[in-house]
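Undergrad: Okay, here's what each chain looks like letter by letter:
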Amino acid sequence: MNQLNLRKFAVPSLLGALVALGCASTNPSPQLVDARRAYDQARMSEASKLVPARVYTAKQALDKAEKAHKDDAGSFEEKSLAYIAERQAQLAVSYAGIAKAERDMKTAQATYDQRQQQALHQAQTTAARAQNQLASQSSELEKERTAHAAAERRAAAAMASLSELAKVKEESRGTVMTLDGSVLFVTGKSELLPIAREKLDQVANALKEMGSGESVLIEGHTDAQGADSANLALSQARADAVREYLISRGVPQDKVRSIGRGEQQPVASNDSPEGRANNRRVEIVIQNAQQAAASSTSPRR
Amino acid sequence: MKRIVLLGALTTGFVFGGCASNPVPPAKVTDTQASISAAEAVGATSNPRAALHMKLAKEQLAQGEQLLRDGDDDEARLVLERARIDAELAMALTREEQAQHQARASMEKVRQVGR
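Residue numbers (my numbering), protein chains in the order written: chain H, 1 to 301; chain P, 1001 to 1115.
If you're looking for bench data, these hints aren't it; they were derived computationally from the structure.
Here a beta-carbon is modelled for each residue, glycine too, at the ideal position from N, C-alpha and C.
Each hint should be verified, as a subset may be incorrect.
Said to hold, decoys possible - Simulated restraints, written as ranges between beta carbons of each label pair:
#1 ASP1072(P) x MET44(H): 34 to 44 Å
#2 TYR56(H) x PRO1025(P): 17 to 27 Å
#3 THR126(H) x ARG1049(P): 46 to 56 Å
Claimed, not checked - Straight line, CA to CA, 25 Å or less: simulated DMTMM-like cross-link-like pairs of lysine to aspartate or glutamate:
#4 LYS167(H) x GLU152(H)
#5 LYS70(H) x ASP1073(P)
#6 LYS169(H) x GLU152(H)
#7 LYS100(H) x GLU1097(P)
#8 LYS67(H) x ASP1072(P)
#9 LYS59(H) x ASP1031(P)
#10 LYS1058(P) x ASP34(H)
#11 LYS1028(P) x ASP63(H)
#12 LYS70(H) x ASP1031(P)
#13 LYS64(H) x GLU1075(P)
#14 LYS1055(P) x ASP34(H)
#15 LYS59(H) x ASP1074(P)
#16 LYS106(H) x GLU1097(P)
#17 LYS70(H) x GLU1108(P)
#18 LYS1109(P) x ASP113(H)
#19 LYS1109(P) x ASP34(H)
#20 LYS64(H) x ASP1073(P)
#21 LYS64(H) x ASP1031(P)
#22 LYS67(H) x ASP1074(P)
#23 LYS64(H) x GLU1108(P)
#24 LYS1109(P) x ASP104(H)
#25 LYS106(H) x GLU1108(P)
#26 LYS70(H) x ASP1072(P)
Said to hold, decoys possible - If the Cβ cut is set under 10 Å, some of the chain H residues that face chain P in the computed set are:
#27 SER80
#28 LEU91
#29 ALA108
#30 GLN109
Construct the entire structure; sequences and hints are all you get.
TA: What follows is the structure, encoded as structure tokens:
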């Protein structure tokens, strides 16, 4: 390539030199000088690579001008052909400029398109990921909601089954379920009757459905017959028996406390047999954290 | 004889010396006019680099037409060709600048999209 350029360059120069030698008195016209310079610039520019055909056309135009100079130096034809040759060389450079700009534009456009495509793809990926996340979050939420609803339903059902077993009352100290003492125990004893076990099984099942914040307090009560201290001991023993049984049926140990109240908290008169029967009882109190705290600090009488 | 002269004119491109009688075809004038119109159409007249060549093209077109009327066909042919090449160069320079402008705009667009 270099050698070829050298030769291309050498030919017109040599031709010019020969002409100069042949007719020493006739110098090339200023137009021819300009044309040679313009051609050399075009030949050494990017035009040789980008628009070689144009550079060749410029070369042919210069050759014509050189020939006219040789044949009739200083003629109008020489000057005109040189004028044309100079512009042919400038045209080659300009066409190379156009080709280069168009190439740059295409490259830029391709890069732009590619980046747009990437940005779009990224946006779609992000959106899809967000959608998935949202979907899994809402399904998680839905699961939790379902589980919570089921737990509440079970708790309500358990409570309903308890209210069939015994008297249930809402009091400030909690939900109070009262079990008839005669159903649970033989008079004066603290061993549970078989029928009591059956009932307490259902109580245990209901208590197992309690919320985590709730706990159970089991209170034993007696009537006023007999010594206070004996009644207190009996009521404590009975409450303990119920507590032990509930724990044995799966109610968490730390959720159940028991206390004997003796004859101190009658619900009816101890003067009649019916009143005394009502006073002989076990109360199962389901308490929330606040109620539990209040009852554990209240003084024992 | 005329045939040989014509052949000579084709190979060397232009007639010179003793062949002054060779007529300029009318298409030479219309070709030049068409080149000037085409350059004007792309805005060559208002392009700083192209404007000079537009001026030269128009002047030389008028000059060539005058030479034709005077019967100086050989000189007219050269002058008309000079006018035509100036118009062509004016158009190329205008298109070159427009293409460069578009290329810069495209590259700027890419730069704004960023990476």
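Undergrad: Give a verdict on every hint.
TA: Each hint tested on the structure:
no.	hint	result
1	ASP1072(P) x MET44(H): 34 to 44 Å	38 Å, holds
2	TYR56(H) x PRO1025(P): 17 to 27 Å	26 Å, holds
3	THR126(H) x ARG1049(P): 46 to 56 Å	49 Å, holds
4	LYS167(H) x GLU152(H)	21 Å, holds
5	LYS70(H) x ASP1073(P)	22 Å, holds
6	LYS169(H) x GLU152(H)	19 Å, holds
7	LYS100(H) x GLU1097(P)	11 Å, holds
8	LYS67(H) x ASP1072(P)	22 Å, holds
9	LYS59(H) x ASP1031(P)	23 Å, holds
10	LYS1058(P) x ASP34(H)	22 Å, holds
11	LYS1028(P) x ASP63(H)	22 Å, holds
12	LYS70(H) x ASP1031(P)	30 Å, violated
13	LYS64(H) x GLU1075(P)	16 Å, holds
14	LYS1055(P) x ASP34(H)	20 Å, holds
15	LYS59(H) x ASP1074(P)	23 Å, holds
16	LYS106(H) x GLU1097(P)	16 Å, holds
17	LYS70(H) x GLU1108(P)	52 Å, violated
18	LYS1109(P) x ASP113(H)	11 Å, holds
19	LYS1109(P) x ASP34(H)	40 Å, violated
20	LYS64(H) x ASP1073(P)	19 Å, holds
21	LYS64(H) x ASP1031(P)	21 Å, holds
22	LYS67(H) x ASP1074(P)	17 Å, holds
23	LYS64(H) x GLU1108(P)	44 Å, violated
24	LYS1109(P) x ASP104(H)	13 Å, holds
25	LYS106(H) x GLU1108(P)	13 Å, holds
26	LYS70(H) x ASP1072(P)	23 Å, holds
27	SER80	4 Å, holds
28	LEU91	5 Å, holds
29	ALA108	4 Å, holds
30	GLN109	6 Å, holds
In this structure, the earlier hints numbered 12, 17, 19 and 23 are contradicted, and the remaining ones agree with it.
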